[in-house]
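There are 2 protein chains.
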Amino acid sequence: MNTTKTINLKNRPTGIPELTDFEFTSSVIADLQEGEVLLSSKYISVDPYLRGRMSDTKSYIKPFELNKPILSGAVAEVLASKNTKYSVGDHVAGMLEWKETQIIKTDQLLIVDPDKAALSAYLGVLGMTGLTAYLGLTEIGKPKKGETLLVSGAAGAVGSVVGQIGKILGLKVVGIAGTDEKVDMLKSQFGFDEAINYNTTKNMNEAIAKSCPEGVDIYFDNVGGEISEAVLFNINKFSRTVNCGAISVYNSTELTRSISVQPFLIKTSSSMQGFVISNYADKHPEAIMQLTEWLQQGKLHYIETIIEGFDKIPTAFIDLFRGKNKGKMIVKI
Amino acid sequence: MNTTKTINLKNRPTGIPELTDFEFTSSVIADLQEGEVLLSSKYISVDPYLRGRMSDTKSYIKPFELNKPILSGAVAEVLASKNTKYSVGDHVAGMLEWKETQIIKTDQLLIVDPDKAALSAYLGVLGMTGLTAYLGLTEIGKPKKGETLLVSGAAGAVGSVVGQIGKILGLKVVGIAGTDEKVDMLKSQFGFDEAINYNTTKNMNEAIAKSCPEGVDIYFDNVGGEISEAVLFNINKFSRTVNCGAISVYNSTELTRSISVQPFLIKTSSSMQGFVISNYADKHPEAIMQLTEWLQQGKLHYIETIIEGFDKIPTAFIDLFRGKNKGKMIVKI
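Residue numbers (my numbering), protein chains in the order written: chain C, 3 to 335; chain Y, 3 to 335.
Just to be clear, a hint being listed does not mean it is correct.
You can't tell identical chains apart in this list, so a pair holds if it fits in one copy or across any two.
Once the Cα atoms are required to be at most 27 Å apart in a straight line, the calculated DSSO-like pairs of lysine-lysine come out as [as the list claims (entries may be wrong)]:
(1) K44 to K328
(2) K147 to K239
(3) K334 to K239
(4) K64 to K146
(5) K334 to K146
(6) K44 to K147
(7) K285 to K146
(8) K285 to K70
(9) K87 to K146
(10) K144 to K204
(11) K328 to K84
(12) K269 to K64
(13) K269 to K84
(14) K84 to K204
(15) K269 to K239
(16) K285 to K269
(17) K239 to K64
(18) K107 to K328
(19) K189 to K334
(20) K64 to K174
Just so you know, these hints were derived from the structure itself, not from any lab.
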């Protein structure tokens with residue numbers, strides 16, 4: 003009987019997760035049934051949002067169960083297949099359990115091409131991160147050449163791609179981030195025109211006005227809260243806000259209050275719209291093709307921190323909250 | 003030398019305007035020049051928003067000047083014309099000064115047909131009110147048959163038309179208003195399916211949930227503030243909010259704060275968009291044609307209070323703030 007190493011959620015963490023919150027176990031690999039594939043994990047993505055699923059408080063995503071494997075984005079190789087969609091040797095990307103080897107019955111895994119991009123890229127710039135950036139910006143932001151795009155959480159995995167796509171599409175791009183190092187990185191590595199460090203800026207309203215002298219046409223919002231309040235004073239007529247994330251209020255147990263947006267929206271005929279990647283599933287293949295092209299042309303850059311070894315997954319995940327990664331954190335198996 | 007009765011703004015009102023804030027004067031009517039028309043006022047619209055223009059505080063609209071005529075929506079007859087667009091005997095609608103007779107050089111006045119609808123209707127259901135209701139609902143609300151439409155300020159001139167158009171388009175329509183009399187009127191005269199009196203309702207969130215058991219797909223918002231906060235808890239996936247007015251916060255001298263909308267928009271992939279009628283000028287003719295057709299078919303109802311006599315304009319305006327009107331307040335000259 004074959005078995006595989008598995009990582010279960012042992013305890014629901016309080017605050018920053020600890021190694022004792024995870025348990026390494028061994029689980030049985032059954033015989034392959036019709037429609038199933040046997041997968042060997044190659045790269046596993048660890049992401050901050052997984053922390054939310056480890057708590058059992060009410061959230062937008064269902065919590066993980068205790069003593070069951072954790073699930074995250076991963077790239078794997080097909081070792082055996084009884085599913086006509088997948089052949090032995092294919093590389094696939096999708097949501098997989100934290101196991102070295104696993105059997106899954108699905109048609110939802112995306113076949114990815116290791117010749118077009120590094121396999122790890124399919125967990126970042128060619129995965130959820132890139133899709134969120136590209137489809138949020140194009141479908142809701144509706145960019146027109148020469149407009150000004152402002153991005154909050156700009157040094158994050160999504161924000162840095164949003165800004166680069168903005169430059170490719172001919173926009174003026176301004177980013178907001180939390181350290182001088184990140185601000186420098188936005189300008190030197192990702193080609194942002196301007197960047198603002200919100201931690202050292204006293205008056206964000208004025209700082210945005212200075213960096214965006216022609217006003218803000220598109221606001222790609224990853225954070226919500228006070229930063230987004232300051233943006234309201236700088237939006238142009240017909241501006242579009244892409245509400246992609248609201249990190250600043252997610253962890254609040256009470257409803258947060260902000261400056262009322264209605265008078266600003268009316269005054270400027272502006273819109274705000276919530277973005278969730280799953281609404282645009284029909285556009286994913288086209289988007290991945292475009293992102294792959296830009297990546298191959300050297301127009302898209304990304305930063306990743308790769309940790310080696312299945313056993314290091316919990317450490318890599320915990321290190322996310324200690325700021326030990328730069329860019330996308332990925333574990334190579 | 004011909005002269006005409008004119009009403010100037012004498013003092014900027016404090017609180018509810020008084021008769022002494024207005025001055026009746028006589029102004030000269032010059033000779034008609036090329037491109038000009040001589041107009042005789044027939045119906046003059048008095049509207050609450052004019053109060054804002056009488057103050058010199060910063061607002062979205064330029065304040066009226068002291069000792070100059072007040073301007074509002076009006077219907078007039080062409081007495082003489084040196085403008086090829088307008089002929090003697092034409093009836094026109096547009097923004098005119100509070101004068102019995104006036105000369106104006108413009109191409110912006112709309113020629114209206116007294117055989118198709120009462121002339122006063124062109125100041126309400128076939129005027130700005132109707133256009134705002136129709137274009138706000140169709141262009142931003144994007145209604146689909148069977149959806150639920152919630153309207154705040156539902157007994158107002160705009161809200162009552164929004165609800166009726168919603169019914170014509172096959173929506174379930176729920177209104178929010180401030181008295182039991184208005185609530186009854188919404189259901190009995192304007193065909194709303196349900197109506198809520200926010201002044202006698204303790205928990206608006208629950209009341210909306212009860213009246214909209216399938217959730218809110220379109221929220222036509224005339225008020226903003228607390229009522230709109232309660233709506234957030236009831237919006238469906240892909241809901242659209244038409245931000246048409248925010249009366250509840252207009253008169254506040256400080257920025258008001260409300261429950262942060264971002265997490266609700268993200269959770270439901272919903273949108274909010276500011277609506278200003280002037281953005282849709284190219285669609286006005288088509289919209290007026292549609293509204294006129296519905297009016298002639300007896301599908302649109304409206305309520306108006308008509309006061310007779312040019313000298314009664316200030317009184318009619320002041321009575322708006324004493325609740326003496328039902329529906330649109332209009333002065334017949």
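Hints and how they fare:
no.	hint	result
1	K44 to K328	within (20 Å within a copy, 72 Å between copies)
2	K147 to K239	within (16 Å within a copy, 31 Å between copies)
3	K334 to K239	neither (47 Å within a copy, 37 Å between copies)
4	K64 to K146	neither (38 Å within a copy, 31 Å between copies)
5	K334 to K146	neither (39 Å within a copy, 48 Å between copies)
6	K44 to K147	neither (40 Å within a copy, 49 Å between copies)
7	K285 to K146	both (20 Å within a copy, 23 Å between copies)
8	K285 to K70	neither (33 Å within a copy, 58 Å between copies)
9	K87 to K146	neither (39 Å within a copy, 37 Å between copies)
10	K144 to K204	neither (31 Å within a copy, 41 Å between copies)
11	K328 to K84	neither (39 Å within a copy, 73 Å between copies)
12	K269 to K64	between (39 Å within a copy, 13 Å between copies)
13	K269 to K84	neither (59 Å within a copy, 37 Å between copies)
14	K84 to K204	neither (60 Å within a copy, 60 Å between copies)
15	K269 to K239	both (8 Å within a copy, 26 Å between copies)
16	K285 to K269	between (33 Å within a copy, 20 Å between copies)
17	K239 to K64	between (39 Å within a copy, 18 Å between copies)
18	K107 to K328	neither (34 Å within a copy, 65 Å between copies)
19	K189 to K334	neither (29 Å within a copy, 64 Å between copies)
20	K64 to K174	neither (38 Å within a copy, 32 Å between copies)
Taken one by one, the earlier hints fail for this structure at numbers 3, 4, 5, 6, 8, 9, 10, 11, 13, 14, 18, 19 and 20, listed in ascending order.
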